[in-house]
Amino acid sequence: MALVLNEDQALIKDTAREFCASRAPVSQLRKLRDERDPLGYDPETWKQMAELGWAGIVISEAHGGTAFGWMALGSVLEEQGRQLTASPLFATAVLGGSAIMLAGSEAQQAELLSQIAAGELTLALALEESPLHSPFGSALAAEKQGEEWVLRGSKQFVLDGHSADRLVVVARTSGSAGDREGLSLFLVPGDAKGVTRTRTIMVDSRNAAHVEFDAVTVGADSLLGKVDQGADVLEPLLDRARVCMAAEMLGTMDEAFERTLAYLRERKQFGVVIGSFQALKHRAADMFTEIELARSTVLDALSALDEDREDVPMLAALAKAKVGEALHTVSLEALQMHGGVGMTDEFDIGLFLKRARVQEQAFGGRAFQRERYATLAGF
Amino acid sequence: MKLAFTREEEAFRDEVREFFATALTDELRQAGRLMTSVYSDKDVALAWQKILLEKGWLVPSWPQEHGGTGWSLTQRYIFACERARARPPALSPMGLSMLGPALLGHGTQAQKDHYLPRILSGEDFWCQGYSEPQAGSDLAALQCHAVRDGEYYVLNGTKIWTTHAHYANRMFCLVRTGRFERPQQGVSFLLVNMEDPGVRCEPIRFVSGCATQCTVYFDNVRVPVTEIVGKENEGWTVTKYLLEFERGGGAAAPGLLEAIGNARDLLAALPEADRAAPARRLNDLEVQVHSLELTELRTLAETERTGSPGPASSMLKIQGSELSQAISEVAVELVSLYGMPFQPDAYRLGSNVAPIGPQEAVTAVPFYLNNRAASIYAGSNEIQRNIISKAVLGL
Chain A
1 MALVLNEDQA LIKDTAREFC ASRAPVSQLR KLRDERDPLG YDPETWKQMA ELGWAGIVIS
61 EAHGGTAFGW MALGSVLEEQ GRQLTASPLF ATAVLGGSAI MLAGSEAQQA ELLSQIAAGE
121 LTLALALEES PLHSPFGSAL AAEKQGEEWV LRGSKQFVLD GHSADRLVVV ARTSGSAGDR
181 EGLSLFLVPG DAKGVTRTRT IMVDSRNAAH VEFDAVTVGA DSLLGKVDQG ADVLEPLLDR
241 ARVCMAAEML GTMDEAFERT LAYLRERKQF GVVIGSFQAL KHRAADMFTE IELARSTVLD
301 ALSALDEDRE DVPMLAALAK AKVGEALHTV SLEALQMHGG VGMTDEFDIG LFLKRARVQE
361 QAFGGRAFQR ERYATLAGF
Chain B
1001 MKLAFTREEE AFRDEVREFF ATALTDELRQ AGRLMTSVYS DKDVALAWQK ILLEKGWLVP
1061 SWPQEHGGTG WSLTQRYIFA CERARARPPA LSPMGLSMLG PALLGHGTQA QKDHYLPRIL
1121 SGEDFWCQGY SEPQAGSDLA ALQCHAVRDG EYYVLNGTKI WTTHAHYANR MFCLVRTGRF
1181 ERPQQGVSFL LVNMEDPGVR CEPIRFVSGC ATQCTVYFDN VRVPVTEIVG KENEGWTVTK
1241 YLLEFERGGG AAAPGLLEAI GNARDLLAAL PEADRAAPAR RLNDLEVQVH SLELTELRTL
1301 AETERTGSPG PASSMLKIQG SELSQAISEV AVELVSLYGM PFQPDAYRLG SNVAPIGPQE
1361 AVTAVPFYLN NRAASIYAGS NEIQRNIISK AVLGL
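Chains as they are written, first to last, in the working numbering: chain A, 1 to 379; chain B, 1001 to 1395.
Chain B on its own, in the form it takes in the complex (with noise of 0.2 Å):
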């Protein structure tokens, strides 16, 4: 989208596209590059983390007094196109957009002063403990519980799909405190130390071929009563905060646009004669993706005028995920035969094996894989839809 920026803005997005072309080293680059998912590697994400904090552009929309940086929607909106130009590696969402913003909201002093700065820092890295092999899509029928001893509460029960519980030393989770009628009520917000004894984690490889998620299994694990986010029971408060931050209030729209512009330079790789069917998805995707980026854009205006994005977050998780995956997928069909082979070894960073066929086929069809996620994760498409009719529309 071409906005009509002041002096000033102009300034400031060539400051930030000069930052990324300096602060990227060759590897974070690589790194973004060969991204088969949403996510990067815990070593390069935090080394990208650090880059950030000492610029001071880490937290753009937490308060300034916590590191947030002030800008206005605009600036805002300028970084996420840069960054989406740039291509570095992702960032960990986990602390800093989804516990972050819960903890500004509903955690304590002492837990503000305490884990803000280590998730800015990196010295926490968090994972999500939501779902359970019983309770996916119906969360609320969550069966992993704490029962209070003392000051302490003792925790028993699996977790699963949890990303980079493999690497996190903490995690953020929902468990059952209490049974009341409501499957929602008795549910509490439970900060857990992953070191602790009686936490047991094993990756699951996905059909991507890739392990990035995780089954945590908790065994009389014994949690501070310190350690709890909002009220004993009332977690769900804290959850629903959090889930419209993960949901919506972002940018997904610059860097579905950079998507379809790397799909643009596959499709000119391609005999003419077979250019017109997939162009013409491509042209038919910019007008929903711009669509959408106008939408977020008024999203965000909404947000900064009411401070949450309430329910209509689940909209922009629908459009995001599904257009996304329209996206991945005309790039599975222009890479062709080229996506096909199995070769992680081409994509894994720091490696020497020569990919067969050219640089950007390789990880086409991994992330296209990993890609059919979006629409599960994060509440599934069908739970939004549900969110929708019943929150906005009222049936």
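The following block holds chain A by itself, in its conformation from the complex (with noise of 0.2 Å):
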């Protein structure tokens, strides 16, 4: 295990946390936003993020990645969470990425990873038919017909899923919704006859799409993996997931928290600093506390995935659910510290509130994520 970063991944976090800051900060994100941007990002700075390695951090270098791996991965999400940038990365790194590395034949694997690590494809995972999180209730259906599959169904909440080039599609090929059997993986191209994507921004400016499938066909070669079998990738692949949301979230939290302790000591009233007074500062020391929590889990997760341990689906819950925890209390202290200023949308405090809110429900909120490890641990 290792809980503090090796010499080559702070190096990436540094560099991560200045391009962040400067080329990719939470002012870009307002701008798309106001600017009701069609795309929700900027093709330019993501190629330049494609340059920095950051798109195929965790391929391998066989298929043009640089293989650095997860904590180096996480490390940039930390920094992206922490700037709210906006970019393709999460949705086509980690959730769609993943699922050619899991499940993807050798075919599929040359022709794609290569892309991906050079930013030239990018994926969104359609998963979600219900507001809650739901690993396997996906009912949309794929019906065999000759050597072709028909796709027919709905996705919602589909992240990035509004300009992806290819969706990672989770169909029912047998069973019901809900069961674990009978699920198959399908990549569709975003544009293919029959997808009509609607675009949905979320309420932290986060994009996503609705999508809808009226009876898309795809070829043989379109199958991810085994049919009805799924969920075997699915279940690590929506681990990696909670594990790099975690990470995310993490820096989304360092930089709300930051914020209120710059807040703090510079907001005068009484003739003071509203940091002297203790009822302040024992709340900003109990989220540091927190916070500190958060950041063992993620990091721990984080190595978990790169050494591949039989841990890693009670550490991404856990990882998940403290770091959600934590987010969740240092979002609305943030927002509380920061009086009526924090209240308006002119200040950006407000964003990261928000922001936590939707990275909360992503893969599964924190009630699911305590069920799940305490199932995970056989209690």
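Note that these hints are calculated values from the structure, not bench results. Worth double-checking, as some hints may not be accurate.
When the alpha-carbon atoms are kept at most 25 Å apart in a straight line, the in silico DSS-like pairs for lysine-lysine are as follows [unchecked claim]:
(1) K1112(B) <-> K1050(B)
(2) K31(A) <-> K281(A)
(3) K268(A) <-> K1390(B)
(4) K1112(B) <-> K1055(B)
(5) K1240(B) <-> K1050(B)
(6) K47(A) <-> K13(A)
(7) K1042(B) <-> K1112(B)
(8) K281(A) <-> K1240(B)
(9) K1390(B) <-> K281(A)
With the hints as a guide, bring both chains together as one complex.
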């Protein structure tokens, strides 16, 4: 286990920190939001991120990646989370890329991974069909017709699904919604005939889409992994998603806290800085403690992914539960401590609160993760 | 937590487990299970200390030339987990975990040569004299004073909440040797012989019925000037160093996980319909304790690089104590009325008085009551929050 970053990882983190702060800061998200940018992220910034190697950071060198690993990817996502950076990195590298690495045939990997690493291909995971995260809840049907598959149904809250070049679609090939068995994964071009994408911008300006599949026909080579055995891919994929979302949340939380501390040191009332009041000091100390505990869970979960440890599922649940809880508190306290200005759209701190709520719901909220943790621990 | 151990580490774990299985006598095992606070009685603590000393495992974190084990971080963690699992009696921490590291960091060669071996052997049994009736959270307000008289300090004043002072032959304490602008200045760290004339000790009975702490009175006690650790008037530096070790750098989580496990055993005895609420509570606590465990490991890793856990140890103290209290709270609810009879004879070591209710229920309430002190001692949790906000957050 590694609970501290090694030299390479620390360097990647520093670079990411500087890049996000200067090239993809909160103000960029604000601008994209205010201008109702149709893409929702800046393609030039994304290109630069790919040049830094971020898109291929967990992809093997044979496939054009850098293979720096999950700890490194987590560090980059943490820095993106710190600046609320708008980028398709999460959906492409963590979700789509993982699905291909976990389940793709040699041909699929050879074709797609190098494109991902080069920043030439964006992906999204089309999973949820209801407002509550449900790993096996898919009802969207895939029916075999000759050598082809026909997909009918709809997906909601597909992160970055409005613009992804390809969608990894979780479909049902047998059984019924809720069954672990009978799921299959398909790679579907975002502009395939019969696909209708409606952009659903989230409250935090995060990009997402509602996607309709009206008799979308794809070839046999679009199947990702084995028929009916999609859960075997989906489970490790969602664990990675939970760990990486927790890493992103850690950055969001750190930044919200630091901005709050800065405000406590600067804002004066009753003739003194409000940070001198013990009622606020103790709450700040509690936030610090919660953040540090949360940080430990993220670091261990990321290193568990790098080491391919057996306890990845449990640590993924632990990290998302713990970070979710800490961020929930920190985001609310941050707004409270900013007082009236915190309520305004002009002030950034509210953006962190909104981002926190969306992150919390993605891939299972706090109660979901706690329950999953206890089940995996055998209780 | 399930760490991926190497084959060597697994062998080490088996060795440690085997050691605890064979080294703990029935009596020591029983003493460990009947603990009603974080302390065991002197005789029991010393008997266990002797066994660990012979094995060479008494002070894993000390430098090897002074008796340390030279274990890796993982080995120390494995040892802590196996210890929690085996539930031996507690060692007295005052010499082994507090004064020892303080002397290693700030003592003279003569002090190290004289005191360290006696700490290890148990020949000296130490108590810690910090708090005073008027200096609790505001420790720097301490008034106990030492006045130089030739080659001696003459000591007068009162110390309170001194754990095991009635068993100890030695005390390390903070005394005022000068008056300066800042109250932290002018404090010295002094080693006192409890058998000297002028030292008087009175045990204090706690709400639990136990009397583990004392009030200690000094009336013109003469202490040789060679018994000062660090420089005169600069004892605060030594104390801060020591307190960081007291508060952090340890491993509370393995014991807390064990405590949750014990609570789960109690849960199993409840009717099915009554289990859901406490079970959920225990699951939530397990998430917190696991997070703490990883943070303790991270702190250990950082301490290995920097030498001291630093002010972040305050955060471990807050979490460790509050989680321990939360777990003991659930335990009390789980034993319900069986925990309520006052029956100290049933948990006295060597007693043959049969308890009312199951054996596991006997110590739940006294432990719970004594454990309320966890958020008060070693710097109350409010003081810890002050330290974090000042030293870490700059507020």
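K31(A) and K281(A) were given as a pair; does the straight-line alpha-carbon distance stay at or below 25 Å? violated, 34 Å
Is K1112(B) close enough to K1050(B), meaning Cα to Cα at most 25 Å? holds, 20 Å
Between the alpha carbons of K281(A) and K1240(B), is the straight-line distance 25 Å or under? Within the cut-off at roughly 21 Å; holds.
Do the alpha carbons of K268(A) and K1390(B) lie within 25 Å of each other, as the hint requires? Holds: K268(A) and K1390(B) sit about 18 Å apart, inside 25 Å.
Are the Cα positions of K1240(B) and K1050(B) separated by 25 Å at most? With Cα atoms ~29 Å apart, K1240(B) and K1050(B) exceed 25 Å; violated.
Would you check the hint for K47(A) and K13(A), treating anything up to 25 Å between C-alpha atoms as holding? holds, 18 Å
For the pair supplied as a hint, K1112(B) and K1055(B), confirm whether the alpha-carbon distance does not exceed 25 Å. holds, 22 Å
Run the distance test for K1390(B) versus K281(A): straight-line Cα separation, threshold 25 Å. OK: K1390(B) and K281(A) at ~8 Å, within 25 Å.
Distance restraint between K1042(B) and K1112(B), which requires alpha-carbon spacing of 25 Å or less: Holds: K1042(B) and K1112(B) sit about 23 Å apart, inside 25 Å.
Of the numbered hints stated above, those contradicted by the structure are hints 2 and 5, listed in ascending order.
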